[in-house]
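Trainee: The lines below spell out each chain.
There are 2 protein chains.
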Amino acid sequence: MSSDDFIVTPWHVEGEIDYDKLIKRFGTEKISNQLLDRIEKITGELHFMLRRGIFFSHRDMNFILNEYEKGNKFFLYTGRGPSGHTHIGHLVPWVFAKWLQDKFGTNMYFQLTDDEKFYSKQNLSLEDTKKFALENALDFIALGFKPEKTKIIIDSDNINTLYPIAAKVAKKINFSNTKAVFGFSNETNIGMIFYTAMQSAPCFIEDKPVLIPLGVDQDPHFRLTRDVAPKIGKLKPALIHNIMIPALQGPGGKMSASDENGTVYTTDTPEIVKKKIIKYAFSGGRPDIEEHRNKGGNPDIDVSFQYLRIFFEPDDNKLKQIYEDYKSGKMLTGELKSILIEKINGFLSVHQEKREKAKDQLDKFLLDNS
Amino acid sequence: MSSDDFIVTPWHVEGEIDYDKLIKRFGTEKISNQLLDRIEKITGELHFMLRRGIFFSHRDMNFILNEYEKGNKFFLYTGRGPSGHTHIGHLVPWVFAKWLQDKFGTNMYFQLTDDEKFYSKQNLSLEDTKKFALENALDFIALGFKPEKTKIIIDSDNINTLYPIAAKVAKKINFSNTKAVFGFSNETNIGMIFYTAMQSAPCFIEDKPVLIPLGVDQDPHFRLTRDVAPKIGKLKPALIHNIMIPALQGPGGKMSASDENGTVYTTDTPEIVKKKIIKYAFSGGRPDIEEHRNKGGNPDIDVSFQYLRIFFEPDDNKLKQIYEDYKSGKMLTGELKSILIEKINGFLSVHQEKREKAKDQLDKFLLDNS
Chain B
1 MSSDDFIVTP WHVEGEIDYD KLIKRFGTEK ISNQLLDRIE KITGELHFML
51 RRGIFFSHRD MNFILNEYEK GNKFFLYTGR GPSGHTHIGH LVPWVFAKWL
101 QDKFGTNMYF QLTDDEKFYS KQNLSLEDTK KFALENALDF IALGFKPEKT
151 KIIIDSDNIN TLYPIAAKVA KKINFSNTKA VFGFSNETNI GMIFYTAMQS
201 APCFIEDKPV LIPLGVDQDP HFRLTRDVAP KIGKLKPALI HNIMIPALQG
251 PGGKMSASDE NGTVYTTDTP EIVKKKIIKY AFSGGRPDIE EHRNKGGNPD
301 IDVSFQYLRI FFEPDDNKLK QIYEDYKSGK MLTGELKSIL IEKINGFLSV
351 HQEKREKAKD QLDKFLLDNS
Chain R
1 MSSDDFIVTP WHVEGEIDYD KLIKRFGTEK ISNQLLDRIE KITGELHFML
51 RRGIFFSHRD MNFILNEYEK GNKFFLYTGR GPSGHTHIGH LVPWVFAKWL
101 QDKFGTNMYF QLTDDEKFYS KQNLSLEDTK KFALENALDF IALGFKPEKT
151 KIIIDSDNIN TLYPIAAKVA KKINFSNTKA VFGFSNETNI GMIFYTAMQS
201 APCFIEDKPV LIPLGVDQDP HFRLTRDVAP KIGKLKPALI HNIMIPALQG
251 PGGKMSASDE NGTVYTTDTP EIVKKKIIKY AFSGGRPDIE EHRNKGGNPD
301 IDVSFQYLRI FFEPDDNKLK QIYEDYKSGK MLTGELKSIL IEKINGFLSV
351 HQEKREKAKD QLDKFLLDNS
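Residue numbers (this note's numbering), protein chains in the order written: chain B, 1 to 370; chain R, 1 to 370.
Treat the hints as calculated values from the structure; they're not laboratory data.
Incorrect hints may have been included.
Intra- or inter-copy, both count: the list cannot distinguish identical chains.
[To be verified] Cross-link-like lysine to any residue pairs, in silico, SDA-like; alpha carbons within 20 Å at most:
1) K172 with F184
2) K149 with D207
3) K231 with E187
4) K231 with Q122
5) K231 with P209
Given the sequences, and given the hints that come with them, work out the whole structure.
Mentor: Here you go:
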């Protein structure tokens, strides 16, 4: 598979993604320095995920900021398909959404699409995906969202809120549209075909502009939503896209909750984290120590370094030092992995405590089912 | 259009229907004399709609009766697509369902598919179809169903009950299936494509056999349901089909709620009923009185006679007398129409009173929305 040859859909990511090509393919806009300056002027600082291009692409961010400056505040919406336990890759857009909520003082909706994962996974029942939804909700709450400004939507629980909105969207989307955008075929089940309307629904839950921070693989859903919005008298949702988080075994796919060895779960113990990183994290190092010391490693393909860059080392100076030390050969792969293990376990020990407390907060966050 | 050339789908009925051919085309079973005897043995009498072949076809009626005789009671389910006010044609399967409820002592579910009519009618909003649903519910209640054994489902109101069931059905139906059964195309909207799963859902609302009395045009939905049922560990629904009720202007279509002149509404005044029947009811009479007296009329194509046969004259002897008198030329078209007008207005004066009282009973009948 050449670097040209990659696939990005909401249900399948394969190959080494060229993000500049993806921007052209999807028709989104690259986040420019000018846009970064504009965000920084409002927020006072740039989140490191913006500085480092983890969020790299958008649709209509300038519209969102124009409206904000006119006093017309947007709301935030993101979500998760609950096909398994939460892993650290899932947290990327959520942590960023939390930052946006804090900086812009906005309402936030988090959709757990138990129906989608039921439709798309042969071996999962609706009861399974609902169970995962409630598990995943704890990780979301643990990140510190404001309960008075944040609602968690579970599709099958909140269907009475979602369905009337989804129906209005569904009437404006035909099978051809879903074939073009998702590559559906005659063999696709009718739940999957309808589902995109369910993912559109929270965009219109408030009569305000909406900004959606999300993995770029989810963009196709909202391309449809953006086409439909004016036809039902609504505003187009704005998007800000993050890159796919690599699996432990390296690039060529996104981290998947169903591959246990490729994934660090938020509930993993320090020992398991250590074992997974040491055993599975794809290394940019040389085959032996002598060669590594002489020629240096390649942090750009090293998964441990990428995890630090994407999530676990917010300090640019520290990250730069690690980059240089690893590239020069001064830092060995084992040392780099030790840094990451310590960072992940530090994060998880706090996260797991908050996650326990989230069990008592769950009811407060769940959207009222009436 | 030859007599071979007719169309029967849930959304389009056209041409003169040959019901024997339709039975072959749909793969249903004709109601045999043996089956009628069996029903009569249990119920003590045959409803005139059974005696006259208004209900003419079925699927798995013998299974339903076998289970009933073993003490495993079925429940009843029928419904209506609320695209307008109720007309007298709608009442046919409901009146028959009421008879079944009385004779077999069963529970009954009545589904008002406001979402379906929203998806299928370009000019109707979900608010419009919901309004019609509540109107139609009054006519249903007015027929005297037992409140303690009868629940009315409105799709968009009871979606939290229906969606988890519909989702399980939807996972087992693909786009090809809906193309084959409904003739859907790439231009069909995804709400319509999904919708059949919503119409399946009430079949599985109780864990018992279900019998569905319904217009034969609705059979395709349940062909899909019957294919899916064993795949989700459920019993196949049984069906009993009525013929299409002709429009006032005559055969070649079913009575449609959206064609005002072709339709007698349950809320029409006696004067309007009289005017509609005199002006629009297709006549099997001769062009002038002398010819009619000599050669006689044709009751088999006369809509007034058909309405008496289908609904308004339960007495077989009286109906036979009218048939013979009209056929011989003794009875003129005006006299036949007078008989029908009197029958309809007699029925409607009682119905409209009960319909008014139904407004206070509505809450008791609506399925609990939780």
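Trainee: Please flag the earlier hints that this structure goes against, numbers listed from lowest up.
Mentor: none
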